[in-house]
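Engineer: For this one, chain H is given, so just place chains B, U and G on it according to the hints.
Protein chains: 4
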Amino acid sequence: MSNANADSLVASHDPNHPANLICDLCKLFYNNGWVTGTGGGISIRKGDHIFIAPSGVQKERMLPDNMFVMDLQTKEYLRVPQSLKPSACTPLFLAAYTNRNAGACIHTHSQNAVVISLLYDKVFTIANIEQIKALPKITEPGCLGFFDTLTIPIIENTAHEEDLKDSLEQAIIDYPAATAVLVRRHGIYVWGETVWKAKVYNEAIDYLLELAVKMRQLGIPPDGAIGSERNTRVV
Amino acid sequence: MSNANADSLVASHDPNHPANLICDLCKLFYNNGWVTGTGGGISIRKGDHIFIAPSGVQKERMLPDNMFVMDLQTKEYLRVPQSLKPSACTPLFLAAYTNRNAGACIHTHSQNAVVISLLYDKVFTIANIEQIKALPKITEPGCLGFFDTLTIPIIENTAHEEDLKDSLEQAIIDYPAATAVLVRRHGIYVWGETVWKAKVYNEAIDYLLELAVKMRQLGIPPDGAIGSERNTRVV
Amino acid sequence: MSNANADSLVASHDPNHPANLICDLCKLFYNNGWVTGTGGGISIRKGDHIFIAPSGVQKERMLPDNMFVMDLQTKEYLRVPQSLKPSACTPLFLAAYTNRNAGACIHTHSQNAVVISLLYDKVFTIANIEQIKALPKITEPGCLGFFDTLTIPIIENTAHEEDLKDSLEQAIIDYPAATAVLVRRHGIYVWGETVWKAKVYNEAIDYLLELAVKMRQLGIPPDGAIGSERNTRVV
Amino acid sequence: MSNANADSLVASHDPNHPANLICDLCKLFYNNGWVTGTGGGISIRKGDHIFIAPSGVQKERMLPDNMFVMDLQTKEYLRVPQSLKPSACTPLFLAAYTNRNAGACIHTHSQNAVVISLLYDKVFTIANIEQIKALPKITEPGCLGFFDTLTIPIIENTAHEEDLKDSLEQAIIDYPAATAVLVRRHGIYVWGETVWKAKVYNEAIDYLLELAVKMRQLGIPPDGAIGSERNTRVV
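Protein chains in written order, with my numbering: chain H, 1 to 235; chain B, 1 to 235; chain U, 1 to 235; chain G, 1 to 235.
So that you can see chain H by itself, here it is in the shape it has in the complex (with noise of 0.2 Å):
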């Protein structure tokens, strides 16, 4: 394919355009202190083009011109930047477009989500707190309800990224119900049916998991506390 049908990929006018919108969530998710010193990543699928932001690049300052976009049936680069390497994430990115049919995946080294893998060992779960709502059932229509438990599996960080990649479809496979997996001492991957539905889930999921350090701060139990016996289920 000839480098302008490459760049026409990326190339768009509309805000909406995957390449358009991975700069401006870099840019939302750096202020957010979530890929700072260029940690994390994005990715984005429309159709069977898979658009990822590239490796090892200042997220804040990210530009369409520098996005990879992959065929996702023959796995094959349609466009690749000039002197630029496709994000180690990229393996596990798929792992959700292939398992799950994602529309977005989200990977991020939030704080929250490392201080909660060293607080938490299989899983970390939460549950009576309203923001849970904004989460998906996936093994049935709709969200979560306010006496759900949230579950998000964690798993064990290796020497390479893309080592992740078995044990992240792994937990895929062992928690058909979660939308998200935390990497032990790394960081969590987010994905959604869309990239606008992945960025609630991943939002409202570092809620969760600051709200929950903060509970362990003050010596409140993530799933009761005062009150809890008003309006807490056994869960």
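Because the hints were derived from the structure by calculation, they are not lab data. From a predicted model like this one, the values you see are computed outputs, not experimental measurements. Errors might be hidden in some of the hints.
Identical copies carry no separate label here, and so any pair may be met within one copy or between two of them.
To be verified - In the BS3-like style, the derived pairs of lysine-lysine whose C-alpha atoms are separated by at most 27 Å in a straight line are:
no., residue 1, residue 2
1, K85, K137
2, K75, K122
3, K46, K85
4, K122, K214
5, K137, K214
Structural biologist: What follows is chains B, U and G alone, placed relative to chain H:
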């Protein structure tokens, strides 16, 4: 009513028009972490027209065209944006308009509100902090004084947001001086005579909730501390 | 004086004109959480003209047209914006202008200031932190050195802000080296020879107050710690 | 050299010109709280020209015209802005340029750096956190791995910033793998081959310092915790 007429209800070049203000304030609240993950909401009353942000949208990317408009007397929608759901907070906003003749009502998922709801039982109180003076007496003209105690009732959360209506209205009756109600494990509702007053009350209350959490972490009682014997009245 | 003349006092295209600067700095302070809920304020002196932000307005939405202008000699208002009240801090700003020949005075409700006022009794002191070098000696030319101790008096709050005047002036007399006064359970007043110096002093002090709270939380004494035996003089 | 020639050294429409970048980055660092109160600084090298921000100016309001330019070989100033003093950090920036052939050097008063310097003695170390992979090995090509330990030496502060030069140079000799040096009760110096690498190293290190403080507050050892037995090598 024709669509054109309905659309004219939210189309204005005046930055202080409710449809424009709701968008601006949601952006501000989003940056404060009060309405991330599409949580929370805001409503402004203009005469008998109630402007309400839709449910489940990116609060920082809302447009005036997304606004619902309801007639306060008939409770009928004068405008329903295509493919959007009205906020589940609507009955609660109406409770503030009907029972307190409010001009605006703000609902956030502020983490300070949620944490305080886990540390206090039936009411949150704080006294002898200058910021209290930004809040109204309600039962008489003017604002609270430095030596007054701010009291905010805490109601239990319910599975469905609209089911909060009865207990919210009961709290409004039981606490005639309250301009806000905390919802345990959920967030806070704050209202005021105008949108600007509601905004200021919400900012001042969140400041006090945040301060009370810090005081708890440092082992300082919320209505006394070093120096309290010198400038604290018995409350 | 005619309205036109009065208005000309606050109308300027120069971004460094006091009426413009007050608006810019209030926006900055609002984003720092120092003046939310309409708390706090700022005043700048230009010759014998004192520019004062009004009371009870949204600090991030102030306009030059909202400014009061007072004559330092006669204490008469040269300009009174319609339907606005002068800041209750005005007598306290005047105390800094009169007793210290200040060029500007900043008042915030910084939570760091309030928390420190609950942890310390009559004075806050901190030593051996590089940031101290941003603060002036006052009693002699130049700034504090790394081994010097910064001392900020703490006065008790009063029911009415204007009643702080006497104790503030007493603190200014008792602590001739102070460029700031903490008000218990209220906030802080910081002044300087120019608006830029007042801004820098306020930033440096808030940095030190925040650091002192963190040190307290970690059990580190504010003027000693690991390594202190190596680079701390007895203070 | 004529003034005009000197001025041409800092006048450029290229946003990546050092004189422009220093202004942009100082604004960013100011918003991160790293250089408030005129603390900290930054220098960028372009060939043999060293661009240095002036001392004691508002970091968020700097202009390219405020920049000093020095010749790395002769150590003579090629440009001295009127009525400005060169940064007291200059000898320390030169140490990084001379001993490490750095392309840029960043100095901040980050509170995370100061707090860590109060919790650790002669060195700060952290291991088994993904963010470490953003940092260089220095003594060999490439970046640290997940199982590697990041080591940052801590030197004692001195009364005068320029007096830090000897101990900073000694630390650079004693820790050949270091790309940063912590200064107790003061802040941190971070350098890199290019300004972008220095920026990324500074962000990644501050992320790790902040995380280490949180881990300390939660009683988690910086190089081990829940799950550590599963993915931590002895370091």
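Engineer: Work down the list of hints and note, for each, if the structure agrees.
Structural biologist: Hints and how they fare:
Only between protomers do K85 and K137 lie at most 27 Å apart by alpha-carbon distance; the minimum there is 20 Å, versus 35 Å within a single protomer. In this assembly of identical chains, the alpha carbons of K75 and K122 never lie at most 27 Å apart, being 32 Å within a copy and 50 Å across copies at closest. Taking CA atoms no more than 27 Å apart as the test, K46 paired with K85 passes in both settings, with 21 Å inside one copy and 26 Å between copies. In this homomeric assembly, K122 and K214 come within 27 Å of each other (Cα to Cα) both inside a single copy, at 20 Å, and across copies, at 21 Å.
Taking identical chains as interchangeable, the C-alpha atoms of K137 and K214 lie at most 27 Å apart only when both belong to the same chain, with a minimum of 25 Å there against 32 Å between chains.
Hint 2 alone, counting from the list given before, is not met by this structure.
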